[in-house]
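Q: Residues per chain, in single letters:
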Amino acid sequence: MNQKKSLVVKYLVLSILGLIAIWQIASGKYDFGVGLLAGLIIAGTALGIKNKRLSKMFEKGMNPYDERVWMIAGKASYLSLRIFAITCALIVLAGSVWGPAVQVNPYNLLGICLSVLMLLYIFCYYYYNRKM
Amino acid sequence: MENKLKELRELAGMTQEDLAAQAGVSRQTIISLEKGKYNPSINLAYKLSRLFDLTIEELFLLKESGD
Numbered sequence: 004m005n006q007k008k009s010l011v012v013k014y015l016v017l018s019i020l021g022l023i024a025i026w027q028i029a030s031g032k033y034d035f036g037v038g039l040l041a042g043l044i045i046a047g048t049a050l051g052i053k054n055k056r057l058s059k060m061f062e063k064g065m066n067p068y069d070e071r072v073w074m075i076a077g078k079a080s081y082l083s084l085r086i087f088a089i090t091c092a093l094i095v096l097a098g099s100v101w102g103p104a105v106q107v108n109p110y111n112l113l114g115i116c117l118s119v120l121m122l123l124y125i126f127c128y129y130y131y132n133r134k135m
Numbered sequence: 048m049e050n051k052l053k054e055l056r057e058l059a060g061m062t063q064e065d066l067a068a069q070a071g072v073s074r075q076t077i078i079s080l081e082k083g084k085y086n087p088s089i090n091l092a093y094k095l096s097r098l099f100d101l102t103i104e105e106l107f108l109l110k111e112s113g114d
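Chains as they are written, first to last, in my numbering: chain E, 4 to 135; chain X, 48 to 114.
Because the hints were derived from the structure by calculation, they are not lab data. Don't take every hint at face value.
Result set (DSSO-like, lysine-lysine): computed pairs, CA atoms no more than 27 Å apart in a straight line [claimed, not checked]:
| no. | chain 1 | residue 1 | chain 2 | residue 2 |
| --- | --- | --- | --- | --- |
| 1 | E | Lys63 | E | Lys7 |
| 2 | X | Lys82 | E | Lys63 |
| 3 | X | Lys53 | X | Lys110 |
| 4 | E | Lys63 | X | Lys94 |
| 5 | E | Lys59 | X | Lys94 |
| 6 | E | Lys134 | X | Lys84 |
| 7 | X | Lys110 | E | Lys134 |
| 8 | X | Lys94 | X | Lys82 |
| 9 | X | Lys53 | X | Lys94 |
| 10 | X | Lys110 | E | Lys63 |
| 11 | E | Lys134 | X | Lys82 |
| 12 | X | Lys94 | X | Lys51 |
| 13 | E | Lys134 | X | Lys53 |
| 14 | E | Lys59 | X | Lys53 |
| 15 | X | Lys51 | X | Lys110 |
| 16 | E | Lys63 | X | Lys84 |
With the Cβ distance kept under 7 Å, some of the chain E side facing chain X (calculated, not the full set) [to be verified]:
| no. | residue |
| --- | --- |
| 17 | Ala29 |
| 18 | Lys63 |
| 19 | Gly64 |
| 20 | Met65 |
| 21 | Asn66 |
| 22 | Asp69 |
| 23 | Glu70 |
| 24 | Arg71 |
| 25 | Met135 |
Every residue, glycine too, gets a C-beta built ideally from N, C-alpha and C.
Let's have the full structure, built from the sequences with the hints guiding it.
A: Right under this line is the structure:
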C-alpha cells in the first residue's frame, strides 16, 4: 500500500470513529463519546503533522522508513512483547496464589492491556532509537 | 564498526541531509552511522561506498572486537 492509499485508509478509520463518537454522545454516553472525540482530534492533528513531515522527507529523496527504522521497530516490538508477557505471567501467578476476587469490565481490561502494550512499545522504541 | 563517512562527507562538501537523500535513508541514519552507533546492511554499505567511489572496505573498518 502506498503512502497516499494508507493515508486515505487512516482518515477513513478516523471518520468512522468520529461518527461513532457523535452517535455515542447523541445516545447519552457523554463520557465515552467526548473521550473518543478528544482522542480523535489529538490523533488526527498528530497524523496531519506527521504526514506533512514525511511528505517533505520523501520530496527531498529521503526515506523515513529506512532499514534502521525497521530494525529499531523490530527490536522494540520484541522487547515490549517480552516485558508484557513476563508481567502478565507474574500477575497471573500472583493472582492464582493469593487469588483476590476482582470484578472487571472485560472491554476496559482489554483497553488497559492494549494501552500498556502500546506505551511499552513507545518506551522501547525511544530506548533503541537513542541507542542505535 | 568504524567508518570514514563523516570526513568523506565533509570533504565532499555535503550536508547530512544531502547524503541521506542520495543514499535514500533518513538523516538520523546518517547521524547514527557517523557516530558509529549503527552498522549498515550490506546494501546500504555498498550504496554509500559507491557514492564516494570507494570500496566497502575503504569506507568501513571492522574493529578487532568484531562488532
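Q: Does each hint hold? Answer for all of them.
A: Going through the hints against the structure:
1. E/Lys63 to E/Lys7: holds (17 Å)
2. X/Lys82 to E/Lys63: holds (23 Å)
3. X/Lys53 to X/Lys110: holds (17 Å)
4. E/Lys63 to X/Lys94: holds (18 Å)
5. E/Lys59 to X/Lys94: holds (23 Å)
6. E/Lys134 to X/Lys84: Roughly 7 Å between the alpha carbons, so the hint for E/Lys134 and X/Lys84 holds.
7. X/Lys110 to E/Lys134: holds (19 Å)
8. X/Lys94 to X/Lys82: holds (18 Å)
9. X/Lys53 to X/Lys94: holds (15 Å)
10. X/Lys110 to E/Lys63: Status violated; Cα separation ~34 Å.
11. E/Lys134 to X/Lys82: Since the Cα atoms of E/Lys134 and X/Lys82 sit roughly 11 Å apart, the hinted pair holds (cutoff 27 Å).
12. X/Lys94 to X/Lys51: Since the Cα atoms of X/Lys94 and X/Lys51 sit roughly 14 Å apart, the hinted pair holds (cutoff 27 Å).
13. E/Lys134 to X/Lys53: Roughly 19 Å separates the two Cα atoms, so the pair holds.
14. E/Lys59 to X/Lys53: Holds - the C-alpha atoms of X/Lys53 and E/Lys59 are around 24 Å apart, at most 27 Å.
15. X/Lys51 to X/Lys110: holds (13 Å)
16. E/Lys63 to X/Lys84: Between E/Lys63 and X/Lys84 the Cα gap is close to 24 Å, so the pair holds against 27 Å.
17. Ala29: violated (44 Å)
18. Lys63: Since chain X brings a Cβ to about 5 Å from E/Lys63, closer than 7 Å, the hint holds.
19. Gly64: It holds, given that the least Cβ distance between E/Gly64 and chain X is near 4 Å, below 7 Å.
20. Met65: holds (5 Å)
21. Asn66: holds (5 Å)
22. Asp69: Holds - the Cβ of E/Asp69 comes within 7 Å of chain X, reaching about 4 Å at its closest.
23. Glu70: Holds. Min distance 5 Å.
24. Arg71: Holds - the Cβ of E/Arg71 comes within 7 Å of chain X, reaching about 4 Å at its closest.
25. Met135: At about 5 Å, which falls below the 7 Å cut-off, the nearest Cβ of chain X leaves the hint on E/Met135 intact, so it holds.
In this structure, the hints that do not hold are numbers 10, 17, in rising order.
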